[in-house]
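Whenever a hint applies, use it, and build me the whole structure from the sequences.
Next come the chains, spelled out residue by residue.
2 protein chains.
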Amino acid sequence: MAGGEITVSNFKPELVTLDLKTYVMQPFRRGKQIKLSDLKEYFSDPEAADQILSEGKNPIIYEYYEYATPEAEGHLTFGVTTIYLGKVGKEYYMTRGHYHDKDAAEIYIGLSGRGLLLMQTKEGEAVYLDLKPGGIGYVPPGWGHRTINTSGEKLVFFFIYPSDAGHDYELVKERGFAKIVIEENGVPKVVDNPRF
Amino acid sequence: MAGGEITVSNFKPELVTLDLKTYVMQPFRRGKQIKLSDLKEYFSDPEAADQILSEGKNPIIYEYYEYATPEAEGHLTFGVTTIYLGKVGKEYYMTRGHYHDKDAAEIYIGLSGRGLLLMQTKEGEAVYLDLKPGGIGYVPPGWGHRTINTSGEKLVFFFIYPSDAGHDYELVKERGFAKIVIEENGVPKVVDNPRF
Numbered sequence: 001m002a003g004g005e006i007t008v009s010n011f012k013p014e015l016v017t018l019d020l021k022t023y024v025m026q027p028f029r030r031g032k033q034i035k036l037s038d039l040k041e042y043f044s045d046p047e048a049a050d051q052i053l054s055e056g057k058n059p060i061i062y063e064y065y066e067y068a069t070p071e072a073e074g075h076l077t078f079g080v081t082t083i084y085l086g087k088v089g090k091e092y093y094m095t096r097g098h099y100h101d102k103d104a105a106e107i108y109i110g111l112s113g114r115g116l117l118l119m120q121t122k123e124g125e126a127v128y129l130d131l132k133p134g135g136i137g138y139v140p141p142g143w144g145h146r147t148i149n150t151s152g153e154k155l156v157f158f159f160i161y162p163s164d165a166g167h168d169y170e171l172v173k174e175r176g177f178a179k180i181v182i183e184e185n186g187v188p189k190v191v192d193n194p195r196f
Numbered sequence: 001m002a003g004g005e006i007t008v009s010n011f012k013p014e015l016v017t018l019d020l021k022t023y024v025m026q027p028f029r030r031g032k033q034i035k036l037s038d039l040k041e042y043f044s045d046p047e048a049a050d051q052i053l054s055e056g057k058n059p060i061i062y063e064y065y066e067y068a069t070p071e072a073e074g075h076l077t078f079g080v081t082t083i084y085l086g087k088v089g090k091e092y093y094m095t096r097g098h099y100h101d102k103d104a105a106e107i108y109i110g111l112s113g114r115g116l117l118l119m120q121t122k123e124g125e126a127v128y129l130d131l132k133p134g135g136i137g138y139v140p141p142g143w144g145h146r147t148i149n150t151s152g153e154k155l156v157f158f159f160i161y162p163s164d165a166g167h168d169y170e171l172v173k174e175r176g177f178a179k180i181v182i183e184e185n186g187v188p189k190v191v192d193n194p195r196f
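Which chain is which? The protein sequence lines are A and B, in order. When we follow the working numbering, the leftmost residue of the first sequence carries the number 1, and every step to the right adds one. When we follow the working numbering, the leftmost residue of the second sequence carries the number 1, and every step to the right adds one.
Among the hints, a few may not be true.
[Claimed, not checked] The following label-pair restraints were derived from C-beta to C-beta distances:
(1) Glu63(B) to Lys57(A): 13 to 23 Å
(2) Leu85(B) to Thr17(A): 21 to 31 Å
(3) Leu85(A) to Asp19(B): 34 to 44 Å
(4) Lys173(A) to Lys35(B): 49 to 59 Å
(5) Glu170(B) to Leu85(A): 49 to 59 Å
By construction, these hints were calculated from the structure, which means they are not laboratory data. Quick reminder that beta carbons are idealized off the backbone N, C-alpha and C, glycines included.
What follows is the structure, given as structure tokens:
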């Protein structure tokens, strides 16, 4: 991790480099790997998750590295997320998904691989968009969002959000998303979430 | 231009596509071409600009196309800027440059060509960063910023800023930037602006 404590007053311009072949971003200030054990209750088939874990495996589902800036109004945070290739039961690997605490947008830019950007309002309106290299998904303020890797390779995308957005994971944990993305007859299919 | 009047309440997720070969972004909601006649007083050698204009030429210096969203807190606007290849006197083609009305950051991501991202505070502290494919410049809130094409080809970059940032061009018009970027002995050089 680069940098020490960052504050509004000492924040200076700095060049960040995104390697366009490996998608490694340097420097970053915050990074995390999310494994199956962290995420198993978010999948629609937790028994399939338990089965994988009981075999002694705990694969990385996704990871992100971000250039975090002060959590103050006007600042932006950006970074790169990689969702690995795989399924839990029929359901493709995906991010946990979140709402923002504040009414704040987020932008996703596809870099490599293909997937879906699933969005929904708290009132239950659901929309999904294709995420592919050069595809840009705009998540308007108020929309919960999750990304899903439906491709036969890693899905890599760039993200940007207001640094003071805040992340609400609880609502997703309680209610899930209205739609889930599963493989059926070898192709991705968006279906209603039976547990929603 | 896509879309009609956009408001906070009717804003829905929509896929935007950035062609990674041509850097054309579709749909966009706002676009502008800035020609030499619009920008001549911003160059350090207005007589050189007048000379070009007097020959009946009025080249496009740069253009941008952006996916504008409601100018409300939490929204983000993004787009693509292309700075054409050329000089006015010794000074490379560049954007007008601006401060934001609010304390709001901006992110620049280099897509094609090479240039410089020049930044300065209102107190006069100046910094510049290389802009090249995969290079990401973070402009912290409060820093004025301008981009300059120092390469032998078009400079293309992606930008993101909070939609309610506001643009202050007056301060740049009055005082300019502390540094200018000129060609000297065939290479780019950042020097003090004699008019600052």
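Now the hints, each set against the structure:
1. Glu63(B) to Lys57(A): 13 to 23 Å: With a Cβ separation near 52 Å, Glu63(B) and Lys57(A) fall outside 13 to 23 Å, so the hint is violated.
2. Leu85(B) to Thr17(A): 21 to 31 Å: holds (24 Å)
3. Leu85(A) to Asp19(B): 34 to 44 Å: Since the Cβ atoms of Leu85(A) and Asp19(B) sit about 26 Å apart, the hinted range of 34 to 44 Å is violated.
4. Lys173(A) to Lys35(B): 49 to 59 Å: holds (54 Å)
5. Glu170(B) to Leu85(A): 49 to 59 Å: Distance hint for Glu170(B), Leu85(A) holds at roughly 52 Å.
Violated hints for the displayed structure, listed by number in ascending order: 1, 3.
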